[in-house]
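Could you put the whole structure together from the sequences, leaning on the hints where they help?
Each chain, letter by letter, is given below.
Protein chains: 2
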Amino acid sequence: MDKERETLLAWRERMRQELDQVMAFWTEHSHDRVHGGFLTCLGQDGQVYDDLKYVWLQGRQVWMYCRLYRKIERFHRPELLDAAKAGGDFLLRHARVTPAEKKCAFVLTRDGSPVKVQRTIFSECFYTMAMDELWRATGDTCYRREALAMMEQLTHWVREDPSGLGRPQLPGATRAEPLAVPMMLLCLVEQFSEADAELATRYAELGDWCVHRILQHVQREGTAVLENVAEDGGELAGCLGRQQNPGHAMEAGWFLLSYASRKGDSKLQAHIIEKFLLLPFHSGWDPEHGGLFYFQDADGLCPTQLEWAMKLWWPHSEAMIAFLMGYSATGDPALLRLFCQVAEYTFRQFRDPKYGEWFGYLNREGKVALTIKGGPFKGCFHVPRCLAMCEEMLDALLNRAS
Amino acid sequence: MDKERETLLAWRERMRQELDQVMAFWTEHSHDRVHGGFLTCLGQDGQVYDDLKYVWLQGRQVWMYCRLYRKIERFHRPELLDAAKAGGDFLLRHARVTPAEKKCAFVLTRDGSPVKVQRTIFSECFYTMAMDELWRATGDTCYRREALAMMEQLTHWVREDPSGLGRPQLPGATRAEPLAVPMMLLCLVEQFSEADAELATRYAELGDWCVHRILQHVQREGTAVLENVAEDGGELAGCLGRQQNPGHAMEAGWFLLSYASRKGDSKLQAHIIEKFLLLPFHSGWDPEHGGLFYFQDADGLCPTQLEWAMKLWWPHSEAMIAFLMGYSATGDPALLRLFCQVAEYTFRQFRDPKYGEWFGYLNREGKVALTIKGGPFKGCFHVPRCLAMCEEMLDALLNRAS
Chain Y
1 MDKERETLLA WRERMRQELD QVMAFWTEHS HDRVHGGFLT CLGQDGQVYD
51 DLKYVWLQGR QVWMYCRLYR KIERFHRPEL LDAAKAGGDF LLRHARVTPA
101 EKKCAFVLTR DGSPVKVQRT IFSECFYTMA MDELWRATGD TCYRREALAM
151 MEQLTHWVRE DPSGLGRPQL PGATRAEPLA VPMMLLCLVE QFSEADAELA
201 TRYAELGDWC VHRILQHVQR EGTAVLENVA EDGGELAGCL GRQQNPGHAM
251 EAGWFLLSYA SRKGDSKLQA HIIEKFLLLP FHSGWDPEHG GLFYFQDADG
301 LCPTQLEWAM KLWWPHSEAM IAFLMGYSAT GDPALLRLFC QVAEYTFRQF
351 RDPKYGEWFG YLNREGKVAL TIKGGPFKGC FHVPRCLAMC EEMLDALLNR
401 AS
Chain D
1 MDKERETLLA WRERMRQELD QVMAFWTEHS HDRVHGGFLT CLGQDGQVYD
51 DLKYVWLQGR QVWMYCRLYR KIERFHRPEL LDAAKAGGDF LLRHARVTPA
101 EKKCAFVLTR DGSPVKVQRT IFSECFYTMA MDELWRATGD TCYRREALAM
151 MEQLTHWVRE DPSGLGRPQL PGATRAEPLA VPMMLLCLVE QFSEADAELA
201 TRYAELGDWC VHRILQHVQR EGTAVLENVA EDGGELAGCL GRQQNPGHAM
251 EAGWFLLSYA SRKGDSKLQA HIIEKFLLLP FHSGWDPEHG GLFYFQDADG
301 LCPTQLEWAM KLWWPHSEAM IAFLMGYSAT GDPALLRLFC QVAEYTFRQF
351 RDPKYGEWFG YLNREGKVAL TIKGGPFKGC FHVPRCLAMC EEMLDALLNR
401 AS
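Keeping their order, the protein sequence lines are chains Y and D. The opening position of the first sequence corresponds to residue 1 in the working numbering, with each subsequent residue numbered one higher. The opening position of the second sequence corresponds to residue 1 in the working numbering, with each subsequent residue numbered one higher.
For the record, the hints were derived by calculation from the structure and aren't laboratory data. Hints may be right or wrong, so weigh each one.
Pairs involving identical chains hold if they fit within one copy or between any two copies, as the list cannot separate such chains.
What the hints assert, rightly or not - The calculated lysine-lysine pairs, modelled on BS3-like cross-linking and capped at a C-alpha distance of 27 Å, are: (1) K263 / K103; (2) K116 / K367; (3) K354 / K116; (4) K85 / K367; (5) K116 / K103; (6) K116 / K102; (7) K85 / K263; (8) K102 / K85; (9) K116 / K71.
Structure representation (structure tokens):
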């Protein structure tokens, strides 16, 4: 057995075990058996420390449960599907602020009253992902109708008229495009297009548009991925324009790799690996303590985000997916080595062998800064998505090799 | 010379020198000679890294310049007043989002176009402080008229109808009162009442109301100051209800001490020292590394704010003012010792002997985490206000003793 195969086998085993432990944490601690949905504000040992329900995290957990139920045999368990359906029904009943409109709340009380609304599209994106997966897992077309209706609203907000989001257009505000917007829409295009030729055709042009927009974030003659750019592709002034988020660029990277692979576009693939994987990794990896910085400034100035040098769980999860996908697509051993470098750091620093799941927030030196396992922005999503995707990719690599 | 007097003398000298150096930093680097107002996004050496103008910081710097000009002889310099007037005129021309209304922007472009509006009262509070000080420094009644008109609007928003702030009242949102709201209104009442019997009378009831509201933040049978409480004085559920900010409690503490001293209420004074100075200090001081935590949870759980364990400049500035004011009022040597403990840590960890001004953001261990001297939330305010107030209080203590 060669060295590379040994590496792949060892990581598949680690991913599989870790995924089981992580999912056990969420199924044990997060189900709200009274109102449906999920309690995601969980301390180190899984104790609920707040019962607010963040719509991003509700949608993501529904999506994750359905995805695992559909894709990995050992998770094809009725209790996962039941919890996902209870979560989906909670969202259907409560997520929209006004029943007649599509705008969703950002956070709800435990029983579903809206607490806060964000003037962005992300609650609605995760709502849409949840509904489409529920349709795929249950076959119930009410979920799909909901997903498609929300998708129509989302594309309207992004491509035609954002005024329904409620943010006033002030004369001094440049219309900046955050990387997250075309990235999330591309994610939804991929979601709808899975095994559905009709929708793949319907959303093909939108997918191309998203990719065009994401690629516009490569700036400064190809030397930097910037988090926010002008809608015409120019660099924005000030901190906003110089802001970089290496993990986010790598997350966009693997969405782009999926797209390039679907298109069979190897030139695009090479461009993505260079600009969205290697470039942010090399700028973003802390040479002193290891791990990926959260924010950087393209001119090397000090970012203004207090947490810029902290090491967060999700950029590491996304980097693992990106490098393993890059390696799967190219067979380049350098990408496997980078996958191993990130994965070793991540498994060593973020895992909690005592209670399961991962810590989310380490300081620059890699020490746990927040002991929570879930909170307003961390739920059952990045970690299990990473582990499940890595397990699947490693399976495919090992099957291909044998 | 006794030991205590020696301590006071030494600190007065340090405060005076430090204030001169800090003010030299701002006068050298922050004046916008093209548009008026101040550039506050300044790197370690004073270089401008962004030219956005945050209205809080514009108002605060105008206030600070006028205050120093009025109160400390060596700052009675025309260039300070000229810069303050240019800042005030910039605010008059540009701060309001719509000229006919009172709502101010949170951030403007360098030439004054609104970029973002916050749905809170704080831009307007600092605008009001600036205008009242400008009136006091210049005698020009147009500033005072502006200050009084905005004050009327502020009390209307806080005590009668907040709907003009633009935040939708959602059914799941409990009407929480942040400590900052009555604290800032009390600060404005003190501002207007200085040497003005008529306004002191007009705002007496409002001042009493603010104090009543601030005291309601002492919860759990007097064992904790909570950052947010229900309007009826009850504790709120979840993280929001348990949130503590020790430096903020101490800042409220010295506003309350001023009020108690004006009223000659020594019982209230003792209560404030116990609850708003000693309690937050003892819970908030990091026993391992020194310095004040930024956020805490009243149940001792992990806060969800990523920066909770960081050491920020302003809680330390406010604690210094609070302990020295407490000592001035009572003569209790324990309060002088606490002042020295905080001031020693602060001068050792936050000062930048190389370029002047203070770093704003240290990690838990006290290492500089952000090298910026100014940014979206740090300008020419907490540091010089602390140094000037401490210098004045030390002067008074030394004069009293001799």
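Now for the hints, and whether the structure bears them out:
Proximity of K263 to K103 under the C-alpha cut-off of 27 Å is found in neither arrangement, the shortest distances being 33 Å within a copy and 51 Å between copies. Neither within a single protomer nor between protomers do K116 and K367 lie at most 27 Å apart by alpha-carbon distance, with minima of 32 Å and 36 Å respectively. Proximity of K354 to K116 under the C-alpha cut-off of 27 Å is found in neither arrangement, the shortest distances being 34 Å within a copy and 45 Å between copies. When the C-alpha separation of K85 and K367 is checked against a cutoff of 27 Å, the pair qualifies neither within a copy, at 37 Å, nor between copies, at 48 Å.
When the C-alpha separation of K116 and K103 is checked against a cutoff of 27 Å, the pair qualifies both within a copy, at 11 Å, and between copies, at 21 Å. In this assembly of identical chains, K116 and K102 lie within 27 Å of each other by CA distance both inside one copy and across copies; the values are 15 Å within and 24 Å between. With identical chains, the CA atoms of K85 and K263 are never at most 27 Å apart, being 34 Å at best within one copy and 62 Å at best between copies. In this homomeric assembly, K102 and K85 come within 27 Å of each other (Cα to Cα) only inside a single copy, at 20 Å, whereas the closest approach across copies is 48 Å.
When the C-alpha separation of K116 and K71 is checked against a cutoff of 27 Å, the pair qualifies neither within a copy, at 34 Å, nor between copies, at 44 Å.
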